[in-house]
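Asker: We have chain L already, so just place chain V on it with the hints.
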Amino acid sequence: MSVALLVGGLLAVASVVLVAAPFLREPVASDDRLLQPDAAQRRRLAHAEERDRALDALRELEFDHRTGKVSDEDYRTQVGDLRQRAAAALRQADG
Amino acid sequence: MPDLGRAALVTSFLLLVYASAAGVFAAWHGRRRLAESAQNALIAAFASTTVAVVVLLTALARHDFSYSYVAQHTSRELPLGYTLTAFWGGQEGSLLLWLFVLCGYSVAAVLTARRAGREVIAWVVPVLGLIGSFFAMLLVFVASPFATQAAPADGAGLNPSLQNPYMAIHPPMLYLGYVGLTVPFAFAMGALLARRTDERWIVATRRWTLAAWAFLGVGQLLGAHWAYVEIGWGGYYAWDPVENAALMPWLAATAYLHSVMIQEKRGMLKVWNVLLVVLAFCLSIFGTFLTRSGIIQSIHSFTQSSIGPWFLGFICFITAASLALVFARLPLLRAKTRLESLVSREATFLYNNLLLVALALTILWGVIYPLVSEAVTGQAATVSKPYYNFFLHSFGLPLLLLMGIGPLVAWRRASLRALGRTFLWPVVAALAAGIGLLAAGAGSSRIGVIAYTFSVFVLASIVLEFARGTRARRALGGVGWGGAFTSLVSRNRRRYGGYVVHAAVVLLAIGVAGSSAYQTVRETRLHPGDSMNVAGNRVVFRGFDTKLEGNHRAIRANVDVYRGGDYLGRYRPGKNQYFAEDQVSNEVSIRHDLLTGGDLFMIADQVNADGSVDLKVLQKPLVNLIWLAGLVFVGGSLIALWPDAREERRLAERYEGVTVRA
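Chains as they are written, first to last, in the numbering used here: chain L, 343 to 437; chain V, 1100 to 1761.
A portion of the hints provided could be inaccurate.
Unchecked claim - Sample of chain L residues facing chain V (criterion: CB under 10 Å; computed from the structure):
| # | residue |
| --- | --- |
| 1 | A354 |
| 2 | E392 |
| 3 | L432 |
FYI, nobody ran anything at the bench for these hints, they're computed from the structure. For glycine and all other residues, C-beta sits at the position ideal for the given N, C-alpha and C.
So that you can see chain L by itself, here it is in the shape it has in the complex (with noise of 0.2 Å):
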């Protein structure tokens, strides 16, 4: 029993302290604001997944066309477009 209640008290003291933790560390806090990205931040993340995106079609295009799944005549046919589609992401991705 007397175990029992030492290791019970033992976790209830380390639980609040873990949780007090924060403020026990930072009395006060000079910004306790919490931090989120900012809208040129979330921009820039927009254009990065964009960027991504369009060079991913145009790897997987070419993979593709490499393996015969796209003919020669379609793979004309949509190659400009995504290439146009990557160069514009990359600069606004860069921008």
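Answerer: Leaving out everything else, chain V in the frame of chain L:
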């Protein structure tokens, strides 16, 4: 010690409630330290739940019958292994396992999935805390594993069908799957609550979702094998409501794993993907509800209990809240791109999704229909095998075919000319197989021939994909065939791991079709010296043996099997009479033929007082391919799960400076 267990659970409950409440406040008002504190509460809840788990395991190991749970599910003669696995043999213990796994997943996911973004994780913590609070509440107030009583001299023992080595692995695997689906759900909800509908939550939870799905798949196959070797009816899947309960979230998660690729590649289907994550999670909770409430008759529903209404309320709340949130965030989830062609890889994924969801929902309807009919008419109608088989054939066979079509079709759009070229060899192989099967007399089962023909088509398309991919990689130069193959797989682990999983599904389909459509069943009463013939095998009954084991009496029929003039061995189907449990179990005997993949499955249905046996023998062709499928499935899942350094670098670059760390 039970006081320590109770105190640990109360501590977990309070910590999880704190994680929910403080987490919501912190995320809503943007308070950093409070958000960290809520996250720490999750970690502390995992520690205190671990203490509760250790207390219960200790009580089980010590046969401490002052714990009601230990007395109800074990006995002194129960072997130690089964005594410990009784941890999840009853309701309270399995709820504790749920909470333990959930807390473990929560801590691991929150600490490792930083890529989701701090503002998203701030919302993920209270979602995980809320779900954990529900299970902790049940364990503290409704179904405590630490309830005590005056210790009886011996316990009631464990259900005999649970006294099987699979008991050690099947339930934990299923729980790792069920509970694992909480992670993508919590991150999806966190992303919606934080109004961040970019792909970070998907990237952060990719491996968690895949792991949960793999665990759920493996858990079901282990359960099927358990049923096959232990329950003693000659089958492995009976469309039991609780078996269905595990299958439904797996189907929904399978649909999600496919459609999320369209979101990643094309930025489409954001609403659909979130809905699939919600569906998979709600179905996993529904599965736990079915297993634990005792509301539906099933061999798995070990008890009638009072937790049913709580679960039902929780499912309703989670479903309504999730759908309301998705609806509120619809403007953020609109896709900027559209499907370019109905003949494209993404279109085949879409068809596959519709079939998977349709199959899951028709199974769901079959499960709940008895409840609905009882509520409406006062009489519980039963939904039996033909209902499920009809929909399995209607949706499952097209799904099988799509597994072969999908890899052969290009992304975005495909022309007829290219399709003709890529489909040629798989179609030729499939037609040759179908004609060959009909010529060999397999036409007795139309479904069987269709399933085999489609299976050959899928296998041919998978082989072709690997071959063409390797050839294309080799053509780039610098590597031989082996290097090209390795490079092909390692550069796109998800795709080629997925193809290996497809091969596993094909093996499963072949095994299921073979063992069900082409099985032979004979049953007859045999006296010592009598014999019967089953699919070319002569089975001779020689008489009974009886032996006293630790906690049961084992009665075995000695059965000699011959094929042609060859003696194949002695097999010993029989029954076990368990003393403490006062139950009798069937103990089957199986002759595996590794060369043909088939089994000769023997059941001593009835042990008669005059020394005769009612012997049932099933010859099940190709059934072992089902278990082989499990190994291939694990291999494919591991390939898909294996970390890809190149992909990690690309993602790190993408999220550099955007993902705010704590």
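Asker: Evaluate each hint against the coordinates.
Answerer: Verification of the hints:
Proximity of L:A354 to chain V holds as hinted, the smallest CB-CB distance being about 6 Å (cut-off 10 Å). Below 10 Å, beta-carbon pairs count as interface contacts, and L:E392 has one with chain V at about 8 Å; its hint therefore holds. At about 13 Å, the closest approach between the beta carbon of L:L432 and any beta carbon in chain V exceeds 10 Å, and the interface hint on this residue is violated.
Going through the hint list in order, the structure does not satisfy hint 3, though it satisfies all others.
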